[in-house]
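From first to last, the protein sequence lines are chains A and B.
Count the first sequence with my numbering and you get residues 10 to 158, in order.
Count the second sequence with my numbering and you get residues 10 to 158, in order.
Certain hints may be false.
As the list claims (entries may be wrong) - Computed spacing ranges between beta-carbons, pair by pair: (1) B/R155 to A/P86: 47 to 57 Å; (2) B/D125 to A/N84: 18 to 28 Å; (3) B/P22 to A/E28: 43 to 53 Å; (4) A/A150 to B/R110: 15 to 25 Å; (5) B/S71 to A/R155: 41 to 51 Å; (6) A/P72 to B/Q24: 34 to 44 Å; (7) B/N25 to A/L77: 31 to 41 Å; (8) A/S137 to B/P72: 46 to 56 Å; (9) B/L115 to A/R143: 33 to 43 Å; (10) A/N84 to B/P72: 41 to 51 Å; (11) B/A27 to A/L33: 41 to 51 Å.
No lab work stands behind these hints, which were simulated from the structure alone.
These figures come from a predicted structure and were not determined experimentally.
Glycine included, each C-beta is placed from N, C-alpha and C at the ideal position.
Spelled out from the first residue to the last, the chains are:
2 protein chains.
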Amino acid sequence: MFTPQPIGFVSSPYQNTAEIPKGLGAKHEAEGVLKILPEFELGLTDIEGFSHLIVIWEFDRSPGFDLLGTPPSDNRPHGVFATRSPRRPNPIGLTIIELLRREGPLLHVRGVDMLDGTPILDIKPYLSSVAPDRLRRGWLAEAEARKKQ
Amino acid sequence: MFTPQPIGFVSSPYQNTAEIPKGLGAKHEAEGVLKILPEFELGLTDIEGFSHLIVIWEFDRSPGFDLLGTPPSDNRPHGVFATRSPRRPNPIGLTIIELLRREGPLLHVRGVDMLDGTPILDIKPYLSSVAPDRLRRGWLAEAEARKKQ
Chain A
10 MFTPQPIGFV SSPYQNTAEI PKGLGAKHEA EGVLKILPEF ELGLTDIEGF SHLIVIWEFD
70 RSPGFDLLGT PPSDNRPHGV FATRSPRRPN PIGLTIIELL RREGPLLHVR GVDMLDGTPI
130 LDIKPYLSSV APDRLRRGWL AEAEARKKQ
Chain B
10 MFTPQPIGFV SSPYQNTAEI PKGLGAKHEA EGVLKILPEF ELGLTDIEGF SHLIVIWEFD
70 RSPGFDLLGT PPSDNRPHGV FATRSPRRPN PIGLTIIELL RREGPLLHVR GVDMLDGTPI
130 LDIKPYLSSV APDRLRRGWL AEAEARKKQ
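Assemble the whole structure, with the sequences as input and the hints as a guide.
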């Protein structure tokens, strides 16, 4: 397989995972900066036309993985591929962020949930959504329903 | 950084990239199977409750990268991070697929756009969408508008 290389690093207000909002109803409104390395800046051409980006990054401070885990949003265990747990076979994280503005190699964004200094692997434009009436959200919808009772 | 390892492989009707629908208005309705390796099957627990999954995979037949490229949906070049080009610094692909059913380690899905045999790196549940009225789609929306003229 390929050898991952950072294309840049996240500048985020979060120094520790305990500071990142988690669990049911957690909002990710924090602002941050995606600092792209100079040698990749040309790859950002025309990115400012997109309101939202998919950022793929490395959980670089999450050693090892668990196939089953209990997420902050529930009190029951679920398979790792049915959760956003950082303890994954490949420690790859994904965040949909809102692009506020670009300054050269710096992307100012809203919605960061990464730690400060997180290595960025890829950025892709967010192009389309699944319609809400077609979406089922499994255990998460059930946990939300139990919380409301 | 971490060393990527496949958690499984895609079974797809596409043997060559030329067979995969591309460009403006391309529909991805093809069915396929995500064959998860036995040692990772436990990580699929409760995944059947989700209608849509985010699949992260390797462009394993796409050597090298270009920072600028002209996508099939336009006749103008754009930065690689503003496109879904396979020729990326980290050859990571992402597909939102619809989960039709699970049979043990086999996930039967609709919407594959990967080649047969593609290594899968991660699967995450699709949890929420960006509202259409908040989404801007940059050069792609412009290319669509030009096509309609």
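Each hint tested on the structure:
Evaluation of the 47 to 57 Å hint for B/R155 and A/P86 yields a pass: the beta carbon distance comes to about 51 Å. For B/D125 and A/N84, the hinted distance range of 18 to 28 Å is not satisfied, since their beta carbons lie about 41 Å from each other. One distance hint, 43 to 53 Å for the beta-carbon pair B/P22 and A/E28, holds here, with the actual separation near 46 Å. Under the hint 15 to 25 Å, the C-beta atoms of A/A150 and B/R110, about 19 Å apart, fit the expected range.
Between B/S71 and A/R155 the beta carbons are some 44 Å apart, a value that agrees with the proposed interval 41 to 51 Å. At roughly 38 Å, the beta-carbon separation of A/P72 and B/Q24 lies within the given 34 to 44 Å, and the hint holds. Taking 31 to 41 Å as the suggested C-beta distance range, the pair B/N25 and A/L77 conforms, at roughly 38 Å. Separated by about 29 Å at the C-beta atoms, A/S137 and B/P72 break the suggested range of 46 to 56 Å.
Remark: the range hint 33 to 43 Å for B/L115 to A/R143 is contradicted by a beta-carbon distance near 22 Å. Distance hint for A/N84 and B/P72: a CB-CB separation of about 47 Å, consistent with the stated range 41 to 51 Å. The beta-carbon spacing between B/A27 and A/L33, approximately 45 Å, falls within the hinted interval of 41 to 51 Å.
Figure legend: structure checked against the earlier numbered hints; hints not met, in rising order: 2, 8 and 9.
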